[in-house]
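So the protein sequences, as listed, match chains H and Z. If you count by my numbering, then the first sequence holds residues 1 to 110, one letter each, in order. If you count by my numbering, then the second sequence holds residues 1001 to 1113, one letter each, in order.
Treat the hints as calculated values from the structure; they're not laboratory data. Just so you know, not all the hints are guaranteed correct.
Simulated pairs of lysine-lysine, BS3-like, Cα-Cα distance not exceeding 25 Å [what the hints assert, rightly or not]:
(1) Lys1057/Z with Lys79/H
(2) Lys45/H with Lys1014/Z
(3) Lys45/H with Lys79/H
(4) Lys79/H with Lys1044/Z
(5) Lys1044/Z with Lys2/H
(6) Lys42/H with Lys1009/Z
(7) Lys1009/Z with Lys1057/Z
(8) Lys42/H with Lys79/H
(9) Lys1014/Z with Lys1044/Z
(10) Lys1014/Z with Lys79/H
(11) Lys45/H with Lys2/H
(12) Lys1009/Z with Lys2/H
(13) Lys1044/Z with Lys1057/Z
Here are some chain H residues pointing at chain Z (derived, C-beta under 8 Å) [said to hold, decoys possible]:
(14) Met48
(15) Arg66
(16) Ala67
(17) Tyr70
(18) Gly93
(19) Gly94
Pair by pair, the computed Cβ-Cβ distance ranges are [stated by the list, open to error]:
(20) Asp1056/Z with Ser28/H: 22 to 30 Å
(21) Pro1008/Z with Tyr70/H: 20 to 28 Å
(22) Asp39/H with Asp1026/Z: 30 to 38 Å
(23) Ile1015/Z with Arg76/H: 17 to 25 Å
(24) Gly94/H with Met1027/Z: 21 to 29 Å
(25) Ala67/H with Asn1001/Z: 20 to 28 Å
(26) Asp39/H with Gly1097/Z: 35 to 43 Å
Where a beta carbon is used, it is the ideal one built from N, C-alpha and C, also for glycine.
Okay, here's what each chain looks like letter by letter:
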Amino acid sequence: RKEVEQDPGPFNVPEGATVAFNCTYSNSASQSFFWYRQDCRKEPKLLMSVYSSGNEDGRFTAQLNRASQYISLLIRDSKLSDSATYLCVVRSGGSYIPTFGRGTSLIVHP
Amino acid sequence: NAGVTQTPKFRILKIGQSMTLQCTQDMNHNYMYWYRQDPGMGLKLIYYSVGAGITDKGEVPNGYNVSRSTTEDFPLRLELAAPSQTSVYFCASTQLGGQETQYFGPGTRLLVL
Chain H
1 RKEVEQDPGP FNVPEGATVA FNCTYSNSAS QSFFWYRQDC RKEPKLLMSV
51 YSSGNEDGRF TAQLNRASQY ISLLIRDSKL SDSATYLCVV RSGGSYIPTF
101 GRGTSLIVHP
Chain Z
1001 NAGVTQTPKF RILKIGQSMT LQCTQDMNHN YMYWYRQDPG MGLKLIYYSV
1051 GAGITDKGEV PNGYNVSRST TEDFPLRLEL AAPSQTSVYF CASTQLGGQE
1101 TQYFGPGTRL LVL
């Protein structure tokens, strides 16, 4: 089983739709969780950290479920500009190395 | 702050040639990483460093070498380039214990022919 797994998609949604991605992780000692966004042919950039209590940033909501070992990202009112690949990142306690998922591709169409 | 800078942006190498990919960060981060990303694939860790003078192998270190003589610089050396090393290379840095944001450079696109 891979350490961090994501559905590669693509998720093809119309503008204004709500879309959700999940990411599962295998190491129960994981303690830091993030969503990164990567545009085509660009470097990844932090979208948001994921806290135990969940967090929201505008149209984006991230949740952590430790019992089932997954994190989620919800995007409301999708915009064309949200089209990108969303990378799930997990770091275990005591490790210097974040583990990246392969990413989920989102395509928002008019 | 410039953040993480990488040079060159793009390079074509012939099989067997060598080159150094440069990476510099101005955020005083202790942790630095080199990743490669093949088309449609995720990031694979090549090497990482937890501070000046300390480096360690990642998932795919074969064919590469690194050094970390200063906090700011973390060059990646390719010896005897092979077509399998055609990829996009990203350098990143972070400071664990705080927000832990990994800051990435813009990448170096390498083509080995």
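Hint-by-hint comparison with the structure:
1. Lys1057/Z with Lys79/H: Status violated; Cα separation ~40 Å.
2. Lys45/H with Lys1014/Z: violated, 32 Å
3. Lys45/H with Lys79/H: holds, 18 Å
4. Lys79/H with Lys1044/Z: With Cα atoms ~30 Å apart, Lys79/H and Lys1044/Z exceed 25 Å; violated.
5. Lys1044/Z with Lys2/H: Measuring from Cα to Cα gives roughly 13 Å; hence the hint holds.
6. Lys42/H with Lys1009/Z: Status holds; Cα separation ~11 Å.
7. Lys1009/Z with Lys1057/Z: The given pair, whose Cα atoms are some 24 Å apart, holds under the 25 Å limit.
8. Lys42/H with Lys79/H: holds, 19 Å
9. Lys1014/Z with Lys1044/Z: Holds, at about 23 Å.
10. Lys1014/Z with Lys79/H: violated, 42 Å
11. Lys45/H with Lys2/H: Measuring from Cα to Cα gives roughly 23 Å; hence the hint holds.
12. Lys1009/Z with Lys2/H: violated, 31 Å
13. Lys1044/Z with Lys1057/Z: Holds: Lys1044/Z and Lys1057/Z sit about 11 Å apart, inside 25 Å.
14. Met48: violated, 10 Å
15. Arg66: violated, 18 Å
16. Ala67: violated, 23 Å
17. Tyr70: violated, 17 Å
18. Gly93: Violated. Min distance 11 Å.
19. Gly94: Given a least distance of 10 Å, the restraint on Gly94/H is violated.
20. Asp1056/Z with Ser28/H: 22 to 30 Å: Taking Cβ atoms as reference, Asp1056/Z and Ser28/H lie about 24 Å apart, which means the hint holds.
21. Pro1008/Z with Tyr70/H: 20 to 28 Å: For Tyr70/H against Pro1008/Z, whose Cβ atoms are near 39 Å apart, the range 20 to 28 Å is violated.
22. Asp39/H with Asp1026/Z: 30 to 38 Å: violated, 23 Å
23. Ile1015/Z with Arg76/H: 17 to 25 Å: With a Cβ separation near 50 Å, Ile1015/Z and Arg76/H fall outside 17 to 25 Å, so the hint is violated.
24. Gly94/H with Met1027/Z: 21 to 29 Å: holds, 23 Å
25. Ala67/H with Asn1001/Z: 20 to 28 Å: Check failed, 40 Å falls outside 20 to 28 Å.
26. Asp39/H with Gly1097/Z: 35 to 43 Å: Once the Cβ atoms are compared, 29 Å apart, the range 35 to 43 Å for Gly1097/Z and Asp39/H is violated.
Hints 1, 2, 4, 10, 12, 14, 15, 16, 17, 18, 19, 21, 22, 23, 25, 26 from the list above are not met by this structure, while the remaining hints are.
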